[in-house]
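S.K.: Required output: the full structure, derived from the provided sequences and hints.
Read off the chains here:
4 protein chains.
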Amino acid sequence: MSSRLSVAVIGAGYWGPNLARNFRASADWNLAAICDLDLERAQRVADSVGGVPITPSLDDVLADPAIDAIAIATPARTHHPIALAALDAGKHVMVEKPLADTRERGVEMVERAGENGLVLMADHTYCYTPAVLKIRELIEDGALGEILFVDSVRINLGLIQPDVDVFWDLAPHDLSIMDFILPGGLDVTSVSAHGSDPLRTGKACIGYLAMPLTSGGIAHVHVNWLSPTKIRQMVIGGTRRTLVWDDLNPQQRVSVYDRGVDLALQSKATADTRAANISYRLGDTWAPALPEREALANVAGEFAAAIRDARPARTSGESGLRVLSVLEAASTSLGADGAPHHVASHIKEVQEA
Amino acid sequence: MSSRLSVAVIGAGYWGPNLARNFRASADWNLAAICDLDLERAQRVADSVGGVPITPSLDDVLADPAIDAIAIATPARTHHPIALAALDAGKHVMVEKPLADTRERGVEMVERAGENGLVLMADHTYCYTPAVLKIRELIEDGALGEILFVDSVRINLGLIQPDVDVFWDLAPHDLSIMDFILPGGLDVTSVSAHGSDPLRTGKACIGYLAMPLTSGGIAHVHVNWLSPTKIRQMVIGGTRRTLVWDDLNPQQRVSVYDRGVDLALQSKATADTRAANISYRLGDTWAPALPEREALANVAGEFAAAIRDARPARTSGESGLRVLSVLEAASTSLGADGAPHHVASHIKEVQEA
Amino acid sequence: MSSRLSVAVIGAGYWGPNLARNFRASADWNLAAICDLDLERAQRVADSVGGVPITPSLDDVLADPAIDAIAIATPARTHHPIALAALDAGKHVMVEKPLADTRERGVEMVERAGENGLVLMADHTYCYTPAVLKIRELIEDGALGEILFVDSVRINLGLIQPDVDVFWDLAPHDLSIMDFILPGGLDVTSVSAHGSDPLRTGKACIGYLAMPLTSGGIAHVHVNWLSPTKIRQMVIGGTRRTLVWDDLNPQQRVSVYDRGVDLALQSKATADTRAANISYRLGDTWAPALPEREALANVAGEFAAAIRDARPARTSGESGLRVLSVLEAASTSLGADGAPHHVASHIKEVQEA
Amino acid sequence: MSSRLSVAVIGAGYWGPNLARNFRASADWNLAAICDLDLERAQRVADSVGGVPITPSLDDVLADPAIDAIAIATPARTHHPIALAALDAGKHVMVEKPLADTRERGVEMVERAGENGLVLMADHTYCYTPAVLKIRELIEDGALGEILFVDSVRINLGLIQPDVDVFWDLAPHDLSIMDFILPGGLDVTSVSAHGSDPLRTGKACIGYLAMPLTSGGIAHVHVNWLSPTKIRQMVIGGTRRTLVWDDLNPQQRVSVYDRGVDLALQSKATADTRAANISYRLGDTWAPALPEREALANVAGEFAAAIRDARPARTSGESGLRVLSVLEAASTSLGADGAPHHVASHIKEVQEA
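Residue numbers (the UniProt record's numbering), protein chains in the order written: chain B, 1 to 353; chain Y, 1 to 353; chain Z, 1 to 353; chain P, 1 to 353.
In case anyone wonders, no lab produced these hints; they're calculated from the structure.
Wrong hints could be hidden among the right ones.
What the hints assert, rightly or not - Below, in silico cross-link-like pairs of lysine to any residue (SDA-like), each with a Cα-Cα straight-line distance of 20 Å or less:
(1) B:230 / Y:249
(2) B:134 / B:289
(3) Z:230 / P:252
(4) B:230 / Y:335
(5) B:230 / Z:291
(6) Z:230 / B:240
(7) B:230 / Y:232
(8) B:230 / B:249
(9) B:230 / Y:117
(10) P:230 / Y:281
(11) Y:230 / P:287
(12) P:230 / Y:291
(13) P:230 / P:215
(14) B:230 / Z:289
(15) Y:230 / Y:291
(16) Y:230 / B:240
(17) Z:230 / P:246
(18) Y:134 / Z:283
Claimed, not checked - Quick list of simulated restraints, FRET-style, between CB atoms:
(19) Y:250 / P:53: 34 to 44 Å
(20) Y:163 / P:297: 45 to 55 Å
(21) B:342 / Y:163: 41 to 51 Å
(22) P:88 / Y:250: 26 to 36 Å
(23) Y:249 / P:142: 34 to 44 Å
(24) P:117 / Y:50: 35 to 45 Å
(25) Z:291 / B:289: 32 to 42 Å
(26) Y:38 / P:292: 21 to 31 Å
(27) Y:249 / P:293: 22 to 32 Å
The C-beta atom is built at its ideal place from N, Cα and C for all residues, glycine as well.
M.R.: Shown next as structure tokens:
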């Protein structure tokens, strides 16, 4: 047991029980406490994992020298104060998405973690699913070539949230995945956000994000709370191959198509001669076998490994910040009828502005 | 035979043979000629329908008093001169999409037809498929309630066209269908177009159109030549029900979901109290049986009926013009990095501007 | 708490934890004990539901007057002795499928329960899924008309079992569902079983059951451990409509097709004139909304209700026996190269034979 | 033109026009005549291919020395007299499935062709689809290993035929494909046929065929005229890989699963030790690209090649005979309540019997 790290889960609402269960089952972790002001639901979570101490006091958790880290699963607006308090108490921190409710607060969290030499990890759970891990690996290995476009659709009949619009509710998934799999992370120059609130609920229920990639090409996200059919599909087009991830097809989640448009590149080619040099490949399709493993088990393992190796987590605070940057720019674009808005790409940018 | 109308097909390329075959099979029409400068391919088309006169001369066709109408299936840039000449010769005209290569020329065609009291019909073939006809009927009957959003995806590995981008190649389908099924036609205030040409072919191969509907809600189109998977799906959300049209699922093309978000509307409701009044319906799904009938057979029938009844075709020149208006505004938006651009809605607007 | 019934779960292997969790969560039940010779796994199950007494002794459970019922989730060959002991101790009994390892033993269990006035319930879990409950209701209400055929496919890459063949492993699901939904239960005159063991594992890994229905028509089952794709589909054809249950399509598990062949029945019709009176209906498809509810929660509720109302459970011991009768006849047919074998339909039949 | 062979199509009903169109388009053939007693429909077929001589007289066709071959697309009961007359007139013969209406007549046709040194080809069109050609190639190359099972489902709402039952109408497709792709052809020892005529039309509308393969393993066919959903799927399990052919999924018709059950074979293994040596592979899936080519074009090419090379066609008269043998044995089994019936495997067998 001496080699295990100790963690407390803060927040026993929707996501907390999943964190608790996975930390409990992990060989890397000792689940030290469940912390929630609502002691009754804290107890239910504690019971569900076979008994763990509960407490309503974050201060007590942070004062406990035996606790190495906390995992925050509270509402977004509370991420910032809880994380800063924990970082100041010398605890490593994992935060449920989104990292914070504003980019500025996210910057402060990232900087504080850096100053204190602690791990700040974004719990971008989807990134640790077998499918996304495989996609990242394939792109890294060059199987797709250079990335030309990423198109993500995440639509379903969804709960209209009281505090956030559909962009802040759903798009963090798509954006964090793109940040994880793209070679240079989610590196976009601007974002245009188109939203609609046709039921006049007071916030967008349908949303589209168009984002030119700095490397060329385009990323696009469609999120929607009003769709009766559920679609979770990402198409990633590359110069060599194109990949389709259909998360609702358990029998073939990831398909790699050796099919596409080839361009015979010539140094002196003009647009006209380029068109003449286009050819089409209609090759095989290949669907890699994926291991069966719960994403959150991988998350728990990565959090421990980052702490032990004193390195940033694969989904670091910075990655959480890149997602926040896009979301914040999207909100601005949304307020300007979809006019493209610059995305802050450097950590200092917002403060200097 | 005396009651049949006579038609000549102009252009024997990709689409002409389909027109010829359907006019030939129609009880409403006498197929009088195939006209193409390339006589060899005109002959092939004529042979394929069992023998019809061919000619390289448009003038001869237009001079023939026995011919009532022409159907134009030539490249887009030639639609305008051919149509005007035909209208001036007293012929009714059907034009393959897009109506013309610029909105201004389209306006001139519509006006000339009006002045001459002739039918100008846009061959928006998809509108005459059993699926789209049924969708129009359902919306007209109020089965969906008020329309909240329309999301259309039309992606496939496609031929990169030498002269047009992906918007002008594919989006006319989606736009003309929306114009056909929406109660007030395609009535949008502005369009934001986001495109990408990651292979540097000289024109957009990936495109997105976001269009706020004048009636509230949003319409969106995704067209893509670089997708290895083929998707042709439209989701039409209404206050009462939502409809999904999956054109690649022959066993269930149209599904109507009695499922959605309900809002208890109150006269004094604020955004906050609105949120509290949201409820969810998880009702049945219903898929109407669709007759098996080739769309072009319906097109031929509608062309004849419009001429006989001296009324605009269901896909009139004006509808072709509305499609052109969006495409032209989209091109402008595209040139402005996706900034939303006003869509000309009145026929006079472009000329006055 | 006084109105709750008390139950002990016997067996903490694969299925026991699911039973424990559902009895624990049920308002009808008090989960009194987990009984397993392997105390360690009994404890794991007890912990997973928040703490319940464990014991290795079935005798102690049966001697406890506070316990009203037991749920047996042990290997099939132990069902008979455990169930008889429990029935003799005055406990109601629920048994995992199959009811017993031979029909004769099943008969003894059913008779003993009858003699002692106790409930003997077969845990045919699938029958309590929202889909199957809805199918039963539709058939009962006459929505399908008279049943013409039932075709069930249940194939997947499956664990080759050490003790049973693919018929005894998988077909109980299909047979128990048929028994549940067909108006007269699973009333077949004979069964032909075709099996294959191409890997020479010592027992059939691929199996087909053909069963003429006493009411006319045919029931057929395909079970397979060697299929790389997973299919769980049942087609139920009726004179009025046909229903397809695709259990792997969560978005549309049950589809009702108003489509089929109609026969204009005439009293004096011969085979020839019949053929002339055939017509086809190509009507709509309808997919009823299904509630989200775990089947085992319904199972627990039904077990309690049957005890309280002193009535047979909807999946009674007799229904378990009908399933056993077919399985036993299938094994005989299998040994005779698939020659059809009579299915014992009366409870006394086997004993008189 | 001198190198082209000349063919006449006999029968201008359902299938004849397809044959005519493909012979017309083939570089190997000169379409010399359409022969049908109903001259009007013969003319329609002739017109549809741009003009070909028609005749009501088979004798005239057979007497024409310029004609090398005939393709028979008439009702099954007429195949035998027409084919024999043609073979006696020195013409090569292609026959639509089934080869004949009885096995005995089929034997006579095969023998006559052999005696006269002429090609007798079965028009098993499905065998020449890109999917089936690829499957045959994969099996030949050993990609699947030894074949363990073949399961074919071909169900749809179908026209109830006036003269044949569902076995004779649909199963020839499945049987001829199996004959084409299996290394030793369709080599089965016996067949059990289970049918049902729940609408009392006078013949089976639902059918199942179970056929133990001589090489071990099993082949099974499910054909059904009463299913509201259309399924055309074949699963071919091998010791190395398993293949699924889903003919209604144009985007991925053929999938090869590197997934299955492995058995560590040992010379002294008993059934018990075998079970202990089972392991599971969960490998990748692979879908080969398939060329787009009409099957009948390949059929026309193969017929010409067989004549020129003086060799049996890939779907020879013998293959047609193997299909007939199974169908005839199936009819006998059907009359015996599904008892397995011996399948005649040698050409002489029926005559000696």
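S.K.: All hints are to be evaluated individually against the structure, with a verdict given for each.
M.R.: Hint check results:
no.: 1; hint: B:230 / Y:249; in the structure: holds, 16 Å
no.: 2; hint: B:134 / B:289; in the structure: holds, 9 Å
no.: 3; hint: Z:230 / P:252; in the structure: holds, 16 Å
no.: 4; hint: B:230 / Y:335; in the structure: violated, 34 Å
no.: 5; hint: B:230 / Z:291; in the structure: holds, 17 Å
no.: 6; hint: Z:230 / B:240; in the structure: violated, 31 Å
no.: 7; hint: B:230 / Y:232; in the structure: holds, 16 Å
no.: 8; hint: B:230 / B:249; in the structure: holds, 11 Å
no.: 9; hint: B:230 / Y:117; in the structure: violated, 49 Å
no.: 10; hint: P:230 / Y:281; in the structure: violated, 31 Å
no.: 11; hint: Y:230 / P:287; in the structure: holds, 16 Å
no.: 12; hint: P:230 / Y:291; in the structure: holds, 17 Å
no.: 13; hint: P:230 / P:215; in the structure: violated, 31 Å
no.: 14; hint: B:230 / Z:289; in the structure: holds, 15 Å
no.: 15; hint: Y:230 / Y:291; in the structure: violated, 24 Å
no.: 16; hint: Y:230 / B:240; in the structure: holds, 18 Å
no.: 17; hint: Z:230 / P:246; in the structure: holds, 14 Å
no.: 18; hint: Y:134 / Z:283; in the structure: holds, 14 Å
no.: 19; hint: Y:250 / P:53: 34 to 44 Å; in the structure: holds, 38 Å
no.: 20; hint: Y:163 / P:297: 45 to 55 Å; in the structure: violated, 33 Å
no.: 21; hint: B:342 / Y:163: 41 to 51 Å; in the structure: violated, 34 Å
no.: 22; hint: P:88 / Y:250: 26 to 36 Å; in the structure: violated, 46 Å
no.: 23; hint: Y:249 / P:142: 34 to 44 Å; in the structure: holds, 36 Å
no.: 24; hint: P:117 / Y:50: 35 to 45 Å; in the structure: holds, 40 Å
no.: 25; hint: Z:291 / B:289: 32 to 42 Å; in the structure: holds, 35 Å
no.: 26; hint: Y:38 / P:292: 21 to 31 Å; in the structure: holds, 25 Å
no.: 27; hint: Y:249 / P:293: 22 to 32 Å; in the structure: holds, 25 Å
Consistency note: the structure conflicts with the earlier hints numbered 4, 6, 9, 10, 13, 15, 20, 21, 22.
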